[in-house]
Structure formats: C-alpha cells, structure tokens
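Enquirer: Okay, here's what each chain looks like letter by letter:
2 protein chains.
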Amino acid sequence: MKAYLGIDLGGTSIKMGLVDQQGNILHNMENPTPVKEGYHAVLKLIDQMAQSLLRQSGYAWRNISGAGIGVPAFIDFQKGILVEVVNLGWHNVSLQADLERLWHMPVMVENDANAAALGEMWTGAGKGVSQLLCLTLGTGIGGGVIINGEIYHGANGTAGEAGHITVKPQGGRVCNCGRTGCLETEASATAIVVDALERVREISAGPLQEEFQRTGTLTARTVIQLARQGEPVCREIIAKAGTILGNSLAVMCCLLNPEMIVIGGGVSQAGTILFDPLIKAFNSAVLPRAAENVSIVPAKLGNQAGMIGAAWLVHRQAQ
Amino acid sequence: MKAYLGIDLGGTSIKMGLVDQQGNILHNMENPTPVKEGYHAVLKLIDQMAQSLLRQSGYAWRNISGAGIGVPAFIDFQKGILVEVVNLGWHNVSLQADLERLWHMPVMVENDANAAALGEMWTGAGKGVSQLLCLTLGTGIGGGVIINGEIYHGANGTAGEAGHITVKPQGGRVCNCGRTGCLETEASATAIVVDALERVREISAGPLQEEFQRTGTLTARTVIQLARQGEPVCREIIAKAGTILGNSLAVMCCLLNPEMIVIGGGVSQAGTILFDPLIKAFNSAVLPRAAENVSIVPAKLGNQAGMIGAAWLVHRQAQ
Chain V
17 MKAYLGIDLG
27 GTSIKMGLVD
37 QQGNILHNME
47 NPTPVKEGYH
57 AVLKLIDQMA
67 QSLLRQSGYA
77 WRNISGAGIG
87 VPAFIDFQKG
97 ILVEVVNLGW
107 HNVSLQADLE
117 RLWHMPVMVE
127 NDANAAALGE
137 MWTGAGKGVS
147 QLLCLTLGTG
157 IGGGVIINGE
167 IYHGANGTAG
177 EAGHITVKPQ
187 GGRVCNCGRT
197 GCLETEASAT
207 AIVVDALERV
217 REISAGPLQE
227 EFQRTGTLTA
237 RTVIQLARQG
247 EPVCREIIAK
257 AGTILGNSLA
267 VMCCLLNPEM
277 IVIGGGVSQA
287 GTILFDPLIK
297 AFNSAVLPRA
307 AENVSIVPAK
317 LGNQAGMIGA
327 AWLVHRQAQ
Chain Y
17 MKAYLGIDLG
27 GTSIKMGLVD
37 QQGNILHNME
47 NPTPVKEGYH
57 AVLKLIDQMA
67 QSLLRQSGYA
77 WRNISGAGIG
87 VPAFIDFQKG
97 ILVEVVNLGW
107 HNVSLQADLE
117 RLWHMPVMVE
127 NDANAAALGE
137 MWTGAGKGVS
147 QLLCLTLGTG
157 IGGGVIINGE
167 IYHGANGTAG
177 EAGHITVKPQ
187 GGRVCNCGRT
197 GCLETEASAT
207 AIVVDALERV
217 REISAGPLQE
227 EFQRTGTLTA
237 RTVIQLARQG
247 EPVCREIIAK
257 AGTILGNSLA
267 VMCCLLNPEM
277 IVIGGGVSQA
287 GTILFDPLIK
297 AFNSAVLPRA
307 AENVSIVPAK
317 LGNQAGMIGA
327 AWLVHRQAQ
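Line by line, the protein sequences are chains V and Y.
Our numbering applies: residue 17 is where the first sequence begins, and numbers increase by one.
Our numbering applies: residue 17 is where the second sequence begins, and numbers increase by one.
Among these hints, one or two may not hold up.
One copy or any two copies: either way a pair holds, since identical chains are not told apart in the list.
[Claimed, not checked] No more than 25 Å apart at the CA atoms, straight line, and that leaves these computed lysine-lysine pairs for PhoX-like:
| no. | residue 1 | residue 2 |
| --- | --- | --- |
| 1 | Lys184 | Lys256 |
| 2 | Lys296 | Lys18 |
| 3 | Lys143 | Lys18 |
| 4 | Lys52 | Lys184 |
| 5 | Lys52 | Lys143 |
| 6 | Lys52 | Lys18 |
| 7 | Lys256 | Lys95 |
| 8 | Lys143 | Lys316 |
| 9 | Lys60 | Lys95 |
| 10 | Lys316 | Lys52 |
| 11 | Lys18 | Lys95 |
| 12 | Lys316 | Lys256 |
| 13 | Lys296 | Lys256 |
| 14 | Lys296 | Lys184 |
| 15 | Lys143 | Lys184 |
| 16 | Lys18 | Lys184 |
| 17 | Lys52 | Lys296 |
| 18 | Lys52 | Lys256 |
| 19 | Lys296 | Lys316 |
Just so you know, the hints here were simulated from the structure itself, not pulled from any lab data.
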C-alpha cells in the first residue's frame, strides 16, 4: 500500500506525517525547527525525520509515492521557488528541487495556510466541499481559497492572503508586512495578547491580573482559557476579535461566495465565545444572497491539517 | 461565416449586436426596455430586434451559432433561472429556456457585470489576461471575477458582487440590497450625485451651482464633465470616490491576486481625476506582493462590453 509524506514546516516546529491514500495519518513526529542554524540544517533535519519515520513505521522508500510540504512562504509556483519565508529568514530557496534531489521522488510545495485548507477539504470540516475559504487564526492569520477543489493561487501565488486585508484604516497596529491595521494585527492570537496586555493595566484584581502578576506576561492560550471560564474582560477581547473577523468574512463572501468557511488555528479553540459574535457580525454585514447557503464552521484537524493537506498535494498528482 | 447574437438587457435599454468569431460587432441596435409592460413584452421585443438585426445585416438564422445575454440578475446557473432581476422586477424567470424555445439554438445567460468582464477579456483592456477583476461603475457597481479565463460564479452565482462590500460600517447610505455603507452607495454614479447634491447647498456660485439652478438637479455625467473642466468641488467628489474604490480594490487584491483590474462604466470616464487618487489609495492599502504585477486600467469597450461578452459565452461553447 502506497503512502505519502506530509510535512508542515513552521517557524517553531517541523511536523511530519506518513499519510495513507485516504488521508489518514499512520505515523507522525515533530521536532523544533533549527531556525538559527539555517536552511541546510533544516533540510538535513527534514531528511533525518523522514528516515526515522519510515524506520519506525516499517515503510520502505519504494512505498512512498511522494512528499508534500507546507511552508509559511510566498511561493513562485512557476519556478518552484520559495521567494520569501518570513519566519525562517529565507529568500529564494529551491526547497522542492533540493528535496527531490535528496529523495528521488516527486515533492510538492505549498503555502502553509493553503496546505491547511487542503487538509480540511480532504478529510476535515470541508470534506466534499469544492468552493471553500479557510482561515487559520494563529500568531498571524493565513487564508486559503479553494475553487473547484483546487487552491487558487492568483497571479503570483498571493491569492487568499486574508490576513493582510486592511480592517482598520486609521490607528491600526503595525503589521509584519510593513503596513498597519491588517486583519492579523487586529484579530490574531498576537492581537488578542496585545489587547489583553492593554486591558490588564486597567484592572486591579481577578484571574487575568493574577496570571499577569504570576508570569509577567499573557498568552492567547491563557486569555482563551480564562474566557471559557467566564472571565468578562477575556470574553470581551475574544468577542472583539470575532466581530472583526465576521465583518471581514462578509467582504470575502461577497467576492468569493464560498459554500463553506472553515476557521482553524489556536484562536478557534475559543469556541462559541469567538464564533457567536463572529457569525452575528457576519450576518449583519454580508449580502444576504452571497451567504445564503454558506456555513461557518470550526476546523476539525487541529494542527494535523497542514500535514494532511501537504500529503494531498502528492495524492492528487497520483490520481 | 458563423456569428453570434450578443445581448445586453438592462433596466434602461436592450442592446443587441451581431458578433463575429473574433469578437467584432458587425451590426448592432438599441431599444428602450419596456420595463412596465413586463417579461413577455421584453421577450417579444428581443425577438423582434433579432429578426430585424439579421434582416439588416443580411445574415440568415442558420449562420447564427447561438445567443448570449447579460442580465442584471442573480442567476441560478444550475437551473438556468434568473432568480431575481432587481431593475426589471422579475423573479424566477426562465429566460434561457424561453429564448431557446423561440430561436431553436443555444442561448447562454450571464450576469451583466460578468458579461462586461468577459467582453473586456475577449477583445478589450484585458485581452490575453486570464486572472482578471473587472468593476463596472454605473448606477450601481458590478463586479466580475475571471479565474483561469472563466467567470467564477461561486456557490450560488454571487461571486464578484463587489458593489456590496461594506466600506462604511457606520453612517453609510442605505443600499438597494437593504444594508448600508456598501461600496455602491459610496462610490457609484448614484453616490456621486448624492455627494454633489449635498455639496451644492454649501456653495453660492460657480458652474455646479449654475447647473443645479438651471436644471433643478445634477447628474453624474455633469459632475464628471465639470470635474474635467477643473471645477474644484466636482474634482473632490470624484477623488473621494476614487479613494474609496482604491481601498476596496486593495482588499480584493489580497484575496484574488489578479493580473489586471479593469474599471469600466460611466464613472470611469472621469479619467485621471478618478484613477490618480484610486491608484494612490490602492498602493498605500495593498499588500505589496499581492499587487506586484497588477495593472489597474480603464475598460476599452465602453457600453459594448456587455454585448461582446455575451457573445463570448456562445463562442466559447463553440470552441
């Protein structure tokens, strides 16, 4: 039985899965990304992980049809080059060609948010849906636009960069992209932390203040946890992010008219505290007919979506 | 030599062209739309126009391969039904089937803004471009999204409804769609008129005031004309529309990453008075890489784009 390697290369960790032809992960492993050691060290670690994953699983290389890899990068798909990999500090690297040379099998590269979208389409929340918009709410906000069952890349691979839609034209926070008021500066995990650090100064007691006193900082995970426990300031912060997201999704829906919108990433763990205000804002801002049959649902595959979607890239070629 | 009928059915007039296989209009005619007389009167007039167009041009019905028709409607493409034709007051009419029954040849229907986009792609400003976004700035604002050389319809035919993107969440004007602050309430010909009527009260002399005194009203055409002659209030009004459009196009560009954005419709006649502030706002609001190679250009086909694009629908089928 043939299988695929699905790889999710991020700024924090490298996740690798052995994925079967139905999109199930048979075995997987995760290692911290040696960012500081540079491109060749990362390449070497990816190779070592593949060797050891195969050894552990009892699969031979001849049973692997190919590998897919999702990367937080702008990709030139015509040339197969990672033009810019912000979190890793790489420019113009030929990851696809380098891995093909190493492994003597087809390797496909894709943007990480797009890979996650494909994973959700293959075996997750978007199973069977062919017009799909997928947002990943993490440190940043990634988007994947699926049209007729395929990722839509646009003119130079930048389609679906939903995180960089301007949502606050005046007085927005500074974004990694060099501009201000992008969706990801106002509604990502990072935005939630900034909001919480601003709000914690105004309050003198309670669990948010205690957490801040104890650890000297706040994380999105903490804010979400406290919100789920009913802490009102944290609930407000999450609701604000939900409202901003709902308004943005209404704009995206007028343009793309998807069948389904899948919301994944760490922030989506907030559940109804995020989704209720999000859907409320969406419904009041969207052109009714453009949203007639759209469903807005949480992602199902968690942090495995990227591996599964990366594997789909080679699965699709093999069909 | 085979040819096509290209029809642009609007709330004001019906335009019909005999279009050759290169997208040239050989003969054409225009009649006011008998809106008040209802669907069957319109259908009858369309048939009469076709008969007389063929007679005039010396073409026989056997030399016509089919007809395409653009309609300002939400269309159910699976069922071939015009779900809602706002300007004509029709609901759930089977225009395609009715014309096929009448003419015994293939008939294709499309949304009017989409037809205009296809026309510009076939022989106009977007010739040879396959990832194209086209906006038509008229009484309303229509949008057409072309992906891989085809109109993208989305889940229920509503993709590209750029006119109903919310651009003014608070205090926007009421839109036909029932909501407020849509792109078309803030930057269409109608918006320009509303702006001018508001501004004319503040000024006591000058050509705008004179025109208003003389005619008792203002039109977008007048405002554009005066702006081109240097009237400062009119220039400001057009520039404001340009800025709003530029900001919205930046959002659309992050999602769709088109190769080209074509701007047509009456308002685009304002030329650089519109395009300069539009491009300035676009450049400062857009994710740089998403706009790297995009060109924003005026449409070329004027009010013939709809006929030519409608003809393309049957031309494409004949390929």
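Enquirer: Check the structure against each numbered hint from earlier and tell me which ones fail, lowest number first.
Expert: Numbers 2, 4, 5, 6, 7, 10, 11, 15, 16, 17 and 18, in rising order.
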